[in-house]
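A.B. asks: Protein chains in written order, with this note's numbering: chain E, 6 to 351; chain C, 302 to 960.
FYI, nobody ran anything at the bench for these hints, they're computed from the structure.
A quick note: this is a predicted structure, and the numbers were derived from the prediction, not measured.
Where is the CB? At the ideal position from N, CA and C, for every residue including glycine.
Among the clues, some could well be false.
Here are the simulated lysine-lysine pairs, DSBU-like style, with alpha carbons at most 35 Å apart [stated by the list, open to error]:
{"#": "1", "chain 1": "C", "residue 1": "Lys385", "chain 2": "E", "residue 2": "Lys145"}
{"#": "2", "chain 1": "C", "residue 1": "Lys705", "chain 2": "E", "residue 2": "Lys143"}
{"#": "3", "chain 1": "E", "residue 1": "Lys135", "chain 2": "E", "residue 2": "Lys167"}
{"#": "4", "chain 1": "E", "residue 1": "Lys158", "chain 2": "C", "residue 2": "Lys645"}
{"#": "5", "chain 1": "E", "residue 1": "Lys297", "chain 2": "C", "residue 2": "Lys479"}
{"#": "6", "chain 1": "E", "residue 1": "Lys199", "chain 2": "E", "residue 2": "Lys18"}
Derived CB-CB ranges, DEER-like [as the list claims (entries may be wrong)]:
{"#": "7", "chain 1": "C", "residue 1": "Leu924", "chain 2": "E", "residue 2": "Ala146", "range": "42 to 50 Å"}
{"#": "8", "chain 1": "C", "residue 1": "Val474", "chain 2": "E", "residue 2": "Lys261", "range": "48 to 56 Å"}
{"#": "9", "chain 1": "C", "residue 1": "Ser497", "chain 2": "E", "residue 2": "Ala14", "range": "42 to 50 Å"}
{"#": "10", "chain 1": "E", "residue 1": "Asp232", "chain 2": "C", "residue 2": "Ser497", "range": "26 to 34 Å"}
{"#": "11", "chain 1": "C", "residue 1": "Glu591", "chain 2": "E", "residue 2": "Leu219", "range": "34 to 42 Å"}
{"#": "12", "chain 1": "C", "residue 1": "Asn562", "chain 2": "E", "residue 2": "Arg177", "range": "22 to 30 Å"}
{"#": "13", "chain 1": "C", "residue 1": "Lys957", "chain 2": "E", "residue 2": "Thr149", "range": "32 to 40 Å"}
{"#": "14", "chain 1": "E", "residue 1": "Leu123", "chain 2": "C", "residue 2": "Glu364", "range": "26 to 34 Å"}
Reference listing, derived: stretches of chain E covered by chain C, where coverage requires no fewer than 3 residues with Cβ under 8 Å from a Cβ of chain C [unchecked claim]:
{"#": "15", "segment": "156–169"}
{"#": "16", "segment": "287–299"}
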Amino acid sequence: MNPYIAYDALNTKIVTQKGRLLDENSFEKIIGCNTVEQVTEVLFTRYDLKRYIENVKTGDLHRDDLETLLNRYKVSVIENILHYCSGPYREFILVFLMEYEIYDISLILRKIARGEELDDIESHFIHSEKYSVLQYGKLKASRTVLQYVENLKGTPYYNPLKTVTDTDAVKREFHIEMKLQQLYFKTLLTKAEKLFDEDKRIAHDLIGLKIDFLNVQWIYRAKRLYDISPEQMLIYSLQGGRRLDFDRLRKLCYSKSADEVKILASQYLKHNMLTSDKGADIERNANDYIFKYIKGIKHHGTIGSVLAYIYILDSAVREFVTVTEGIRYKLPGEQLEQYLLNRENR
Amino acid sequence: MAIQKMEYLRIVGSLEDMHEVLEKLVLSEKLHFDFEGTTEYDNSYIIHEYESVMTGPSSFEHEDFEAVEAQCDRMEKDLEHLAKGMDIRLELDKSSISGTPCSLSEAQDDLNKLMEQLGQVVSEINRKREAILKYEQFRETLNGITYKDIDFGRVAALNYFAYEIGALSQENVIRLRKNYENISAIALNIGMIKASSEYIDIILYPRQFAEETSKLLKSLNWVRLDIPENLSGTVSEMIGQVNDRIRNLRNEIGEQSKVINTNKAGTISLLSRIYTAVKLERRILGLEREITYGTSTFVLNAWIRKDDKKEIMRVLDPLIQKIKVEEKNPNELGRQVVPPTQLKNNFFFRPFEKVIKLYGMPSYDEIDPTPFVAITFCLMFGIMFGDMGQGFVYFLAGLLISKKRRAIGQLLSRLGASSILFGAAYGSLFGLEQEELPWLWSLTGRPLDPRNIPVILIAGVAFGIAALTSSFTFSIINYIKKSNIEEGIFGKNGLAGYIFLISLVLTIVAVVKAIKLPVAVPLASMVASLAAMVAKEPLSNLVSAKRPLLHGSVGAYLTESLFEGVETVLSTLSNAISFIRVGAFALNHAGLFLAFLVMSDVTSNIVLKIVILLLGNILILTLEGLVVFIQGLRLEYYEMFGKYFQGGGIAFSPAKINN
Chain E
6 MNPYIAYDAL
16 NTKIVTQKGR
26 LLDENSFEKI
36 IGCNTVEQVT
46 EVLFTRYDLK
56 RYIENVKTGD
66 LHRDDLETLL
76 NRYKVSVIEN
86 ILHYCSGPYR
96 EFILVFLMEY
106 EIYDISLILR
116 KIARGEELDD
126 IESHFIHSEK
136 YSVLQYGKLK
146 ASRTVLQYVE
156 NLKGTPYYNP
166 LKTVTDTDAV
176 KREFHIEMKL
186 QQLYFKTLLT
196 KAEKLFDEDK
206 RIAHDLIGLK
216 IDFLNVQWIY
226 RAKRLYDISP
236 EQMLIYSLQG
246 GRRLDFDRLR
256 KLCYSKSADE
266 VKILASQYLK
276 HNMLTSDKGA
286 DIERNANDYI
296 FKYIKGIKHH
306 GTIGSVLAYI
316 YILDSAVREF
326 VTVTEGIRYK
336 LPGEQLEQYL
346 LNRENR
Chain C
302 MAIQKMEYLR
312 IVGSLEDMHE
322 VLEKLVLSEK
332 LHFDFEGTTE
342 YDNSYIIHEY
352 ESVMTGPSSF
362 EHEDFEAVEA
372 QCDRMEKDLE
382 HLAKGMDIRL
392 ELDKSSISGT
402 PCSLSEAQDD
412 LNKLMEQLGQ
422 VVSEINRKRE
432 AILKYEQFRE
442 TLNGITYKDI
452 DFGRVAALNY
462 FAYEIGALSQ
472 ENVIRLRKNY
482 ENISAIALNI
492 GMIKASSEYI
502 DIILYPRQFA
512 EETSKLLKSL
522 NWVRLDIPEN
532 LSGTVSEMIG
542 QVNDRIRNLR
552 NEIGEQSKVI
562 NTNKAGTISL
572 LSRIYTAVKL
582 ERRILGLERE
592 ITYGTSTFVL
602 NAWIRKDDKK
612 EIMRVLDPLI
622 QKIKVEEKNP
632 NELGRQVVPP
642 TQLKNNFFFR
652 PFEKVIKLYG
662 MPSYDEIDPT
672 PFVAITFCLM
682 FGIMFGDMGQ
692 GFVYFLAGLL
702 ISKKRRAIGQ
712 LLSRLGASSI
722 LFGAAYGSLF
732 GLEQEELPWL
742 WSLTGRPLDP
752 RNIPVILIAG
762 VAFGIAALTS
772 SFTFSIINYI
782 KKSNIEEGIF
792 GKNGLAGYIF
802 LISLVLTIVA
812 VVKAIKLPVA
822 VPLASMVASL
832 AAMVAKEPLS
842 NLVSAKRPLL
852 HGSVGAYLTE
862 SLFEGVETVL
872 STLSNAISFI
882 RVGAFALNHA
892 GLFLAFLVMS
902 DVTSNIVLKI
912 VILLLGNILI
922 LTLEGLVVFI
932 QGLRLEYYEM
942 FGKYFQGGGI
952 AFSPAKINN
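Generate the whole structure from the sequences, applying the supplied hints.
C.D. replies: Below, the structure written as structure tokens:
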């Protein structure tokens with residue numbers, strides 16, 4: 006019996022919530038829509054998601070709005086999970102909310118660096134109002150990137166960002182992204198250390214798997230698209246992967262071409278993730294693999310069920326967004342299907 | 302020992318006089334402005350009414366709020382600049398502007414003169430202080446370098462190599478080391494910055510790899526350390542040079558401060574006056590933004606303490622010909638207007654207001670529960686933690702704490718005093734009783750005396766019933782004041798609830814045959830009062846001749862009220878039993894110390910005995926004292942407040958200037 010988390014209550018909750026948004030019919034219904042207006046109508050009426058977004062009419066739901074809406078929904082799901090946790094488990098689940106804080110602080114930083122207006126920025130915020138302790142008012146009031154970073158003092162985000170300059174924030178945005186991503190996964194793994202043994206193993210494995218896929222994605226794209234040195238690639242690769250230890254990462258970073266990365270990655274991961282150059286395909290391949298893995302882990306009475314739910318929800322939200330964009334640009338149904346996960350993995 | 306009586310003021314005047322009126326009112330610190338109590342519609346109506354009769358400009362040029370705000374910002378910045386240079390903290394001095402008012406423009410003139418006189422010197426001093434700070438930080442880094450004989454000048458003179466010194470986190474040092482063979486730079490660890498636990502590294506790289514190295518370092522969150530100009534030589538030599546510079550700068554500041562220190566007291570008092578004037582202006586500006594205007598008239602609404610009325614009229618006297626002041630009693634305003642609450646208690650009870658406010662603020666028309674809380678809390682604490690010695694420690698601690706945290710200290714000293722009194726009754730001094738100290742006098746004898754145990758437990762319940770009786774009385778009065786017959790007479794916290802409680806107690810007493818009373822009598826009374834609670838809505842409608850007797854469906858009402866009835870039975874039972882803890886903790890207090898006494902008896906070493914007893918006292922004073930305090934608080938909040946406290950009051954908060 007784990008005193009820090011009520012697995013039975015959580016599982017019941019997860020089953021009900023999965024039924025709401027993640028069932029097979031949801032996707033069928035969305036794919037069956039012909040216009041964005043219909044998609045919005047389904048999301049608002051059938052899934053009662055309207056409360057997560059203000060002042061949006063069904064007709065003008067843009068991609069940003071849809072992402073905000075669904076991200077806020079994800080935050081509310083994590084907040085609900087937190088009701089059933091305490092001690093180290095609560096600390097661990099809280100880290101998942103960091104992802105949304107990171108989204109918001111990056112958004113403010115970008116606007117400040119570009120000298121854009123911040124008046125309406127709150128309508129794009131997705132962080133948990135209940136659990137986030139950042140002083141957004143103070144952050145918003147910063148006039149320069151330097152001042153902004155100073156205002157982050159005392160938060161976990163200060164150290165990774167303390168050397169960021171105005172030019173970095175505009176021209177070298179990926180530095181910021183990667184530094185914050187490293188912080189997120191490092192915190193996640195550190196907090197997972199305090200879980201009970203079985204949960205710790207499951208958490209490390211699942212997060213490690215995610216880290217492996219992110220690393221491969223990062224290195225492949227860096228090789229193919231950007232002028233980034235192997236040293237930098239290695240520095241920004243995430244530690245704590247399941248199959249990609251430091252030596253393998255180094256081999257990937259110092260490989261001669263993107264094609265060599267493809268070969269090495271499929272050899273290391275035992276899965277052909279880089280079947281095409283399209284981001285959406287790579288992501289779908291990675292998620293397919295992760296879901297296959299998730300199906301194999303022990304769910305009952307372990308953190309596996311919670312993590313699986315968070316991951317599946319995350320990918321479902323991406324699919325919703327992709328499919329809605331497809332509908333917006335009038336792609337035929339069969340083409341839309343391509344963007345979705347293999348059904349048997351769900 | 303009640304809730305302070307309030308009066309409502311409505312002040313109408315010409316916009317020309319608004320600033321002056323607000324200035325006087327803010328300085329009086331006696332008005333709680335109310336921008337929500339009266340509707341916009343009411344105020345607009347009054348404005349229309351007065352604009353036709355009041356003399357004044359047909360259209361008044363409003364102050365540019367943004368411009369005034371910006372002026373205040375600028376002035377505050379200058380004031381802070383001067384204060385920093387003079388090494389003082391800006392303080393408010395309300396007396397400096399209450400006698401002879403100081404307008405913002407006057408304050409600006411004074412500030413300009415001060416800036417002219419001292420601005421330059423202060424700027425130089427501030428600049429030098431900042432330089433000292435930077436030097437000190439650099440010296441800290443230099444001190445962190447292990448190899449004090451490194452000469453960075455010689456490294457800089459290399460033809461084909463460039464270098465950087467800087468700080469790296471441990472994590473990034475590991476990242477760098479792991480891939481060292483692929484990196485076209487040499488990274489040498491030369492020390493550590495203790496404050497941030499970062500490593501100090503020197504990076505040497507061929508000049509043609511400058512860009513590549515710079516990118517690499519960027520990814521590693523490299524914090525470059527720049528050597529201040531004109532410093533040279535080895536690390537030790539540089540530390541010496543930095544020390545010299547800091548000393549020189551300090552001497553220069555000392556010299557320049559002489560200019561500031563001539564008539565420093567006068568300057569400080571002028572600064573305080575200007576600062577207070579700026580803060581006053583800001584406060585007025587805040588109020589001006591909320592007030593309702595017409596084209597030439599303003600109207601403002603505020604609450605005042607009834608006792609302050611004369612004083613406020615005296616303050617407004619010079620303007621009385623130009624403004625209209627209308628006073629109203631809260632009763633005239635209807636129930637929807639809620640006056641703010643200020644508790645008014647004497648010296649003894651006042652600290653217990655903290656306990657009330659921790660739970661919530663009573664509403665204006667409630668009974669102030671402070672005296673009741675003070676008496677019951679002191680009694681409960683005393684009964685549960687009766688000891689002359691330990692009580693005296695709390696009393697002294699309370700006196701000491703009250704110098705810094707007034708209310709908390711005073712609360713503790715009162716609880717300590719109660720503990721002393723009950724300690725005297727039990728005959729307990731630092732846990733020792735008559736058995737150990739035969740000369741100790743006691744009224745009741747030790748709590749753990751077998752004859753006393755049942756008496757103490759029963760006394761706890763009896764105390765509880767008395768406390769609950771008072772709670773029910775307050776609750777009934779509060780409901781009746783609000784004309785709520787349904788809850789006041791038939792509710793579970795009203796008369797019916799009380800009769801149910803007393804009947805329950807009498808039933809138990811009759812069953813154990815403590816009094817000669819047929820069980821059927823209190824049982825019948827219990828059933829009758831329970832029935833009254835279940836049927837409270839129709840009964841109250843019947844009594845107050847309202848129809849229909851029941852709103853909504855009978856089924857739904859019955860289901861709800863029957864469940865409420867069951868809940869009432871359970872909660873009344875637990876309420877009455879809950880107070881046993883008062884007696885139980887009195888026994889526990891004595892029992893806990895007894896354990897230490899037994900331990901001390903095991904040894905014959907007198908020093909060890911004293912140490913054990915001392916430890917026992919410390920444990921009781923810290924842990925048990927806290928537990929008893931929380932139990933007392935729990936009984937107050939859960940068993941008593943739950944009955945009568947309605948809350949929802951707004952604290953009376955007069956507008957004043959603050960930092």
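A.B. asks: Give a verdict on every hint.
C.D. replies: Do the hints match the structure? See the list:
no. : hint                              : in the structure
1   : Lys385(C) / Lys145(E)             : holds (27 Å)
2   : Lys705(C) / Lys143(E)             : holds (31 Å)
3   : Lys135(E) / Lys167(E)             : holds (27 Å)
4   : Lys158(E) / Lys645(C)             : violated (43 Å)
5   : Lys297(E) / Lys479(C)             : holds (33 Å)
6   : Lys199(E) / Lys18(E)              : holds (24 Å)
7   : Leu924(C) / Ala146(E): 42 to 50 Å : holds (45 Å)
8   : Val474(C) / Lys261(E): 48 to 56 Å : violated (29 Å)
9   : Ser497(C) / Ala14(E): 42 to 50 Å  : holds (43 Å)
10  : Asp232(E) / Ser497(C): 26 to 34 Å : holds (32 Å)
11  : Glu591(C) / Leu219(E): 34 to 42 Å : violated (52 Å)
12  : Asn562(C) / Arg177(E): 22 to 30 Å : violated (50 Å)
13  : Lys957(C) / Thr149(E): 32 to 40 Å : holds (36 Å)
14  : Leu123(E) / Glu364(C): 26 to 34 Å : holds (28 Å)
15  : 156–169                           : holds (count 4)
16  : 287–299                           : violated (count 0)
Taken one by one, the earlier hints fail for this structure at numbers 4, 8, 11, 12 and 16, listed in ascending order.
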